[in-house]
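J.: The residues making up each chain are set out below.
2 protein chains.
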Amino acid sequence: MSTIALDPVLSHIDTSFDASVEHLFDLLRIKSISTDPAFKADCRQAAEWLVKDLQSIGFDASVRDTPGHPMVVAHHEGPTDDAPHVLFYGHYDVQPVDPLNLWENDPFAPAVKDMGNGRKIMTGRGTSDDKGQLMTFVEACRAYKAVHGKLPVKVTILFEGEEESGSPSLKPFLEQNKQELKADCALVCDTGMWDEKTPAISVGLRGLVGTEVTVFAADRDLHSGSFGGAAANPIHILSKIVADIHDENGHITIPGFYDGVEETPSQILQSWDNLGRTAENFLGPIGLSVPSGEKGRSVLELTWARPTAEVNGITGGYTGDGFKTVIAAQASAKISFRLVHKQDPEKIRAAFHQFVLDRLPADCRAEFANHGGSPAIQLPYDSSLVNKAKDALSDEWPNPAVLTAMGGSIPIVGDFDTYLGMESLLVGFGLEDDRIHSPNEKYEITSFHKGQRSWARILNALAQK
Amino acid sequence: MSTIALDPVLSHIDTSFDASVEHLFDLLRIKSISTDPAFKADCRQAAEWLVKDLQSIGFDASVRDTPGHPMVVAHHEGPTDDAPHVLFYGHYDVQPVDPLNLWENDPFAPAVKDMGNGRKIMTGRGTSDDKGQLMTFVEACRAYKAVHGKLPVKVTILFEGEEESGSPSLKPFLEQNKQELKADCALVCDTGMWDEKTPAISVGLRGLVGTEVTVFAADRDLHSGSFGGAAANPIHILSKIVADIHDENGHITIPGFYDGVEETPSQILQSWDNLGRTAENFLGPIGLSVPSGEKGRSVLELTWARPTAEVNGITGGYTGDGFKTVIAAQASAKISFRLVHKQDPEKIRAAFHQFVLDRLPADCRAEFANHGGSPAIQLPYDSSLVNKAKDALSDEWPNPAVLTAMGGSIPIVGDFDTYLGMESLLVGFGLEDDRIHSPNEKYEITSFHKGQRSWARILNALAQK
Chain A
1 MSTIALDPVL SHIDTSFDAS VEHLFDLLRI KSISTDPAFK ADCRQAAEWL VKDLQSIGFD
61 ASVRDTPGHP MVVAHHEGPT DDAPHVLFYG HYDVQPVDPL NLWENDPFAP AVKDMGNGRK
121 IMTGRGTSDD KGQLMTFVEA CRAYKAVHGK LPVKVTILFE GEEESGSPSL KPFLEQNKQE
181 LKADCALVCD TGMWDEKTPA ISVGLRGLVG TEVTVFAADR DLHSGSFGGA AANPIHILSK
241 IVADIHDENG HITIPGFYDG VEETPSQILQ SWDNLGRTAE NFLGPIGLSV PSGEKGRSVL
301 ELTWARPTAE VNGITGGYTG DGFKTVIAAQ ASAKISFRLV HKQDPEKIRA AFHQFVLDRL
361 PADCRAEFAN HGGSPAIQLP YDSSLVNKAK DALSDEWPNP AVLTAMGGSI PIVGDFDTYL
421 GMESLLVGFG LEDDRIHSPN EKYEITSFHK GQRSWARILN ALAQK
Chain B
1 MSTIALDPVL SHIDTSFDAS VEHLFDLLRI KSISTDPAFK ADCRQAAEWL VKDLQSIGFD
61 ASVRDTPGHP MVVAHHEGPT DDAPHVLFYG HYDVQPVDPL NLWENDPFAP AVKDMGNGRK
121 IMTGRGTSDD KGQLMTFVEA CRAYKAVHGK LPVKVTILFE GEEESGSPSL KPFLEQNKQE
181 LKADCALVCD TGMWDEKTPA ISVGLRGLVG TEVTVFAADR DLHSGSFGGA AANPIHILSK
241 IVADIHDENG HITIPGFYDG VEETPSQILQ SWDNLGRTAE NFLGPIGLSV PSGEKGRSVL
301 ELTWARPTAE VNGITGGYTG DGFKTVIAAQ ASAKISFRLV HKQDPEKIRA AFHQFVLDRL
361 PADCRAEFAN HGGSPAIQLP YDSSLVNKAK DALSDEWPNP AVLTAMGGSI PIVGDFDTYL
421 GMESLLVGFG LEDDRIHSPN EKYEITSFHK GQRSWARILN ALAQK
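Quick mapping for you: the protein sequence lines, in order, are chains A and B. Here full-length UniProt numbering is used: the first residue of the first sequence is 1, the next is one more, and so on. Here full-length UniProt numbering is used: the first residue of the second sequence is 1, the next is one more, and so on.
So here's chain A without its partners, still in its complex pose:
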């Protein structure tokens, strides 16, 4: 049993909060934009800053070179040899800041803004994604060390510098350092809250398959007067293919598409219903009102736990001003599939290609281009890890924690499972209006403060066997 008291740690976080903000601001001032080669040295500087900071609180930390931007790896022993061992993941790289003219403040001159009614935010690139978030965990560790001189569990830290540029070095690094990085579970802090009062644990992440199809008919553009009514029109063929993907109930008709899709447990669906998200309040702000997908399912289920097929772009023939009576030689569409549960990206891709080929006239042909594929991630709804975190978060915030899913994907979670055989816990304190990837990114002061306290509580809970 842990002999490390939680309350003085929480108090220490409260009293040293201003210092933690100043500390974070030092990191935010470093322009670690990973996707732009001009900021290569800045990325290394951010890694070195983190190493130095972790060393200052007793971690065995080092910058680790990769073919791209470096990783930061750090280790800290637990209170006992058999203490639980967690791997904490975050990323120190940030998105580009253009268009710069839309920022109200310099993106790399972080500042605290008083919004009135007791609400304060911090502004700047990386405040929410992900420097502010990863420092919530580091500050929790700092507080434990300051109060008790030790951490409640054994901690390994992995900070990446390429998350915003496709993480090319991550998989090889995990494979090459499997032994060093393996822990009992992974804690990932790169997600959000349900709302400003309700913490969330993300347990579902949709996968993604991207593909592009080009239908070819005649070997040249044709005059629709001369050939219309006799020559195949690739726009018609492509439109028919797109139209055939969904039936009148929004169900996807590609054979085998739903293989591996599971029904979400009814108690989870019930808990989502309780969140009060309606078609009206979800679609209203974007000018819509009618859910477009599978009938008879809530908008949260549709976006969190059901697979989709969406055409992201289509083009063919004359699309400029005015009119041109042409029958195009080709037409193409970019299509993405969001996957859930155990759907197999490559099977889906192959099934769609066959679906297209089955709809081509004998004298037409199609070409395909691939644009990435990753399976969905489904984490447990009620593991010991999830339940401990849920209770810890519920103790900290006004509302109890909810288990949510995400429409998008976080590939690292699949990689931790594949390469290190670890369950991940996804907890973060971002809000939907944080404008990550956009001008005027911000992070709530409450998120940074209660985020630190939340990790202190979670580490304390994980220490209890």
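Bear in mind the hints are in silico, worked out from the structure with no lab data behind them. Warning: the hint list may mix true and false statements.
If chains are identical, the list can't say which one is meant, so a pair holds when it fits in one copy or spans any two.
To be verified - Below, computed lysine-lysine pairings styled on DSS-like, alpha-carbon distance capped at 30 Å: (1) 347 to 324; (2) 120 to 465; (3) 324 to 171; (4) 113 to 324; (5) 145 to 324; (6) 182 to 120; (7) 40 to 347; (8) 240 to 295; (9) 347 to 240; (10) 120 to 197; (11) 324 to 342.
Following the hints, position chain B against chain A.
T.: Then chain B, alone, in the frame of chain A:
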């Protein structure tokens, strides 16, 4: 009876042929793309070039302003006051040239290419549609003037600069200048031969309705991870609309679409069958083999005497390189309908708009843009005008002239009937492989040469009372 000998005119055409090519090339170099506002000045330049040229051979010619691109009107007296009077029509505007990278030569740097076996072509935008064609008539007039100092008939010329962009100014211009433009008949040179040895007179012309539909869904582009599966995708909606237009037999499903369509007389269908046009030899040269339209009808009937619906362009969402997981706010398509017999353009347009509205989800909307509309034309099979031209053409070419129909529309023919009460004669020297409206447009040197001789013969025949 005409006292103007034909043979020396034909000889003059032969000996001054190279000069006529150089002359045409001056006109072809002018980028008179009427549908793109960037080329407004070029259109006027082409009109001015033509006026100057017509003045040089004794026409009373002028540029005539319209709200769009200008008309060219020119008059030349006949040999006697009671000589027959013809109105000749052509258009100096051309189609856009994109995709530019598919052109083997600069579209506006015309050139003669030796194809071997004595065959030569000229390449460039407008060589066949319609600058090369209209200059066959001007060159015939030039030869008459050079040899005889006069023309065999009274000639009025009308050159339009908006034919490729829906001719918005034409009807008002005809109405306002009825007295000035009225003649005994109209000669229109914007059509083709049956094949390289067989001249054709077109007696049937499909009408045309152009419309553009834009489907609007959310009020902004959406992330497909966050909203996919719940928010309406306008590309899906538009694709469904396009797919619904045709049933599995190629029949058009828009309610009332076939009102006014007549069955073509069996003896006409028989004469078309005798021309030996098969799906194989019609579609083979463009890389196709399967007729795509209404089942159970020949390709000639499909393209000459049946109505169609063709999407000429479609666009929506992200269409650049790579991939973007976006759900677009809007998607649009340009659609044209070819009409036959007594179909009513405005009824068809209205029926299609309703067809679209019937397929919109309640929270989406559509906007329409109109792009011209004209009914089909059916000309006589055996008038005096047709018979004289038929004989004149049969004298010039290896094979006798045939009466054909056309898949495309030439709205001017209906307008000449409506506003000026004139029968039109449609004679042209284009070939099906001229790639009009496409990259690498060309015109046979033989077409340009024997085309000039053909008009010399037709003018001579029309002079005989």
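J.: Are the hints correct? Go through all of them and say.
T.: Each hint tested on the structure:
Only between protomers do residue 347 and residue 324 lie at most 30 Å apart by alpha-carbon distance; the minimum there is 22 Å, versus 40 Å within a single protomer. For a Cα distance limit of 30 Å, the shortest separation of residue 120 from residue 465 qualifies neither inside one copy, at 37 Å, nor across copies, at 91 Å. Only between protomers do residue 324 and residue 171 lie at most 30 Å apart by alpha-carbon distance; the minimum there is 20 Å, versus 46 Å within a single protomer. Proximity of residue 113 and residue 324 under a CA criterion of 30 Å is satisfied inter-copy only: 28 Å between copies versus 44 Å inside one chain copy.
Taking identical chains as interchangeable, the C-alpha atoms of residue 145 and residue 324 are never at most 30 Å apart, the minima being 64 Å within one chain and 38 Å between chains. Taking the closest pair of Cα atoms, residue 182 and residue 120 never come within 30 Å of each other, the shortest separation being 38 Å inside a single copy and 76 Å across copies. Taking CA atoms no more than 30 Å apart as the test, residue 40 paired with residue 347 passes in neither setting, with 33 Å inside one copy and 53 Å between copies. Taking the shortest Cα distances, residue 240 and residue 295 sit within 30 Å of each other both inside one copy (22 Å) and across copies (18 Å).
For the homomeric pair residue 347 and residue 240, the shortest alpha-carbon distances inside one copy (22 Å) and between copies (26 Å) are both at most 30 Å. Taking the closest pair of Cα atoms, residue 120 and residue 197 come within 30 Å of each other only inside a single copy of the chain (15 Å); across copies the shortest separation is 80 Å, beyond that limit. Proximity of residue 324 to residue 342 under the C-alpha cut-off of 30 Å is restricted to the inter-copy arrangement: shortest distance 24 Å between copies versus 46 Å within a copy.
Hint check: violations occur at hints 2, 5, 6, 7; the rest are consistent with the structure.
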